Amino acid sequence: MLELTRFEKTMISARKFPVWRRMETKAKRVYLAMALRTFGAAFEAVTASSKECENELSQWEEGRRFALGVEPSGPYITLEKKGRKIRMIGTGLKEPVLSIVFKNLDSAMMVYTTYMGVVQATAENRAVIRGDNGKAMEVIRVLEIIMTYLLPGFILRKNFRTAPTLSAPQYLVMLRIYVSLVPSLVKTFF
Amino acid sequence: MNMPNFYQHYCPGRIIAGYDALKKIPSLMDRLGCKTAMVVTDKGVVAAGLIKHVEAAFEGADCSIAHVFDESPPDSSNIASNKLAGLFKGYKCDLFLAVGGGSALDTAKGANIVISQKSDDLLNIQGAENIEADLLPTIAVPTTAGTGSEVTKAAVIYNEEKKVKMLFSADKLYPTMAVLDPKMSATVPPKITAATGLDALTHSIEAFINLQKNPIDDAYAVAAIELIAKYIVRATENGASDMEARFGMANAALMAGAAFSNSMVGIVHSLAHACGAVCHVPHGLANGILLPWSLEYNLPRVAEYIGQLCEPLGCEQTGSDPLEQARLTIRAIRDLEERLNGVCGLPLRLKDAGVSGDKLPMVARVAVNDGCLMYNPLEVGYEDALRVLRNAF
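Protein chains in written order, with our numbering: chain A, 2 to 191; chain B, 9 to 401.
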């Protein structure tokens, strides 16, 4: 028998009020907008430092533009391959050739709060891919490299099919990434 | 099995199955409010005289066949789909009647996407779960027992420009109805019967072990595996003289299709799509060759699930060690394939199926970009894919 916690019961009661539901939706949207901007900054920082990303990106055509986000009305970010790294062009959909978007706020929340991995979310039909599936696989591989450098081991073990492990030189790269993430975040948010 | 936290199962089409089921097609069209069918098939099906059976079903009916499009290539392609879409509009048809193997069925799905998305090129509509407009009605009549495309939301279409196979998947892609008539697959040659049957076996097994496995798809998958274990050798050996085996395999392929349409497929299909795209190995054959090697790759993560397939495959469970059981399952699959090799000369290695060793790195590179890998229980990188390919070579 499924037992609800007191917190869950309280949340269910609160959702009966339309005002609460609107506030909840707004809060999720704000959180996801921030999470996506952070990911945008992470794309810039990690692709500038990681050898694995460099190898992946060497197969990409210059100027490939892709978007991440949530349907039906955002938030979104658009990114582009420039040289050997990826830069964030900005928020919103800016003519991407490929977009990987979640079907709704709740599905996106599961992934951007690290409750669920990208692969599991896709396997559960929570995401929509618009564009070349092969290119989507390439983006997802880069996304997984980024998560490998940024997220703690216990989350990686929970969310990855094969938990990645970092070597000693990769930990040094990780440090460099954390340092370079600060200016990227400042640039992204301000 | 461990219960999943979340899953969906969707299999909306009506299924009409039995001897002379073809005769129901006009009344099914009537029920759908359709009058003019575009038959989508290939030259092999026409040469085998199977379209005559379909045409005979329309005698004296209110509805009619406007045109028979027999240009579906061995691997359905974006160019064939675009051409078919143009003809469909030109003949003012209102229903696709797809008669053939996976290629004909997927060509019809591709054309249907082009028309319903108001495009003129299938390449503009690539993606997954991205088709929102309703598609035109489709009645699927499979002539091979393997693809399961008659009940799936997937279409695999060859991109002639990039030389890769594209996977389309969306709920709107389910055919409206599937008609299984054993006489439509009675004359399939032994080697193709075996290869397509192994395709169905691969669908069931991958659905059973994948990330999105669930109790409903498991039931379809196990039932399909039991039928395949019982009938595949008989259907290959006896051909048209064993209609029970033919009908059994047709049902198995359909149930395997229903299973994988929800749970999806994994590494075997990614590698097989790449073998098809790079070396033009027939899909079912590539699946059959790669299946045991890919199961060995997945053993560390899903030995328990693989082991549970021992009994449906017809071998006895011995002991309780999941790894040992899983190895017995893989042995049973290899035994089955060796029997088929004895009956019809079905190749057991990639090198015997027209793959040259120097192409393996390219096959692996194409495979790691195949969307099916998203559903495989274990991560698959380039080196992993290459290792499995080398083992199967």
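It is worth saying that the hints were derived from the structure and are not from the lab. What you are looking at is a predicted structure, and each value in this text was computed from that prediction instead of being measured. Take these hints with a grain of salt, some might be off.
Below, simulated DSSO-like cross-link-like pairs (lysine-lysine); rule was C-alpha separation at most 27 Å, straight line [to be verified]:
hint, chain 1, residue 1, chain 2, residue 2
1, B, K170, B, K180
2, A, K29, A, K83
3, A, K86, A, K17
4, A, K83, B, K180
5, A, K95, B, K126
6, B, K180, A, K136
7, B, K32, B, K60
8, A, K136, B, K60
9, A, K104, B, K100
10, B, K191, A, K136
11, B, K367, A, K136
12, A, K136, B, K51
13, B, K43, B, K100
14, B, K43, A, K86
15, B, K191, B, K51
16, B, K32, A, K136
17, B, K97, B, K51
18, B, K180, B, K32
19, B, K126, A, K104
20, A, K83, B, K170
21, A, K95, B, K170
22, A, K29, A, K159
23, A, K82, B, K60
24, A, K188, A, K29
25, B, K43, B, K199
26, A, K104, A, K29
27, B, K199, B, K91
28, A, K86, A, K52
29, B, K199, B, K180
30, B, K171, B, K191
31, B, K180, A, K82
Chain A regions said to be covered by chain B (calculated; three or more residues, Cβ under 8 Å) [what the hints assert, rightly or not]:
hint, region
32, 37 to 44
33, 122 to 131
All C-beta atoms in this analysis are idealised placements derived from N, C-alpha and C, irrespective of residue type, glycine included.
So if I understand the rule, the pair passes when the alpha-carbon distance is 27 Å or less; does B:K367 with A:K136 pass?
Distance of about 22 Å is within 27 Å: holds.
27 Å limit on alpha-carbon distance, applied to hinted pair B:K32 and B:K60:
holds (15 Å)
Count the residues of the region 122 to 131 of chain A with a beta-carbon closer than 8 Å to any beta-carbon of chain B: does the count reach three?
Our answer is that it holds, as 8 residues pass the Cβ test (under 8 Å) against chain B, meeting three.
Holds or violated: A:K86 to A:K52, with C-alpha atoms at most 27 Å apart:
Cα-Cα ~11 Å, so holds.
Going straight from one Cα to the other, do A:K86 and A:K17 come out at no more than 27 Å?
violated (47 Å)
Assess, step by step, whether the Cα of B:K170 is no farther than 27 Å from the Cα of B:K180, and give holds or violated.
holds (26 Å)
What's the verdict on B:K126 and A:K104, does the C-alpha distance respect the 27 Å limit or exceed it?
holds (23 Å)
Would the pair B:K199 and B:K91 pass a check requiring their Cα atoms to be no farther apart than 27 Å?
At roughly 31 Å apart (the allowed maximum being 27 Å), B:K91 and B:K199 break the hint.
Given the hinted pair B:K199 and B:K180, is their alpha-carbon gap at most 27 Å?
Answer violated: B:K199 to B:K180 is near 33 Å, above 27 Å.
Pairwise hint evaluation, A:K29 against A:K104, where the allowed Cα distance is 27 Å at most:
Distance ~14 Å between A:K104 and A:K29 Cα, so the pair holds.
Could you grab the alpha-carbon distance between B:K191 and A:K136 and see if it respects the 27 Å cut-off?
violated (42 Å)
With a cut-off of 27 Å on the C-alpha distance, tell me whether A:K29 and A:K83 pass.
violated (31 Å)
Of the numbered hints listed earlier, those contradicted by the structure are 2, 3, 4, 8, 9, 10, 12, 14, 16, 23, 25, 27, 29, 30, 31, 32.
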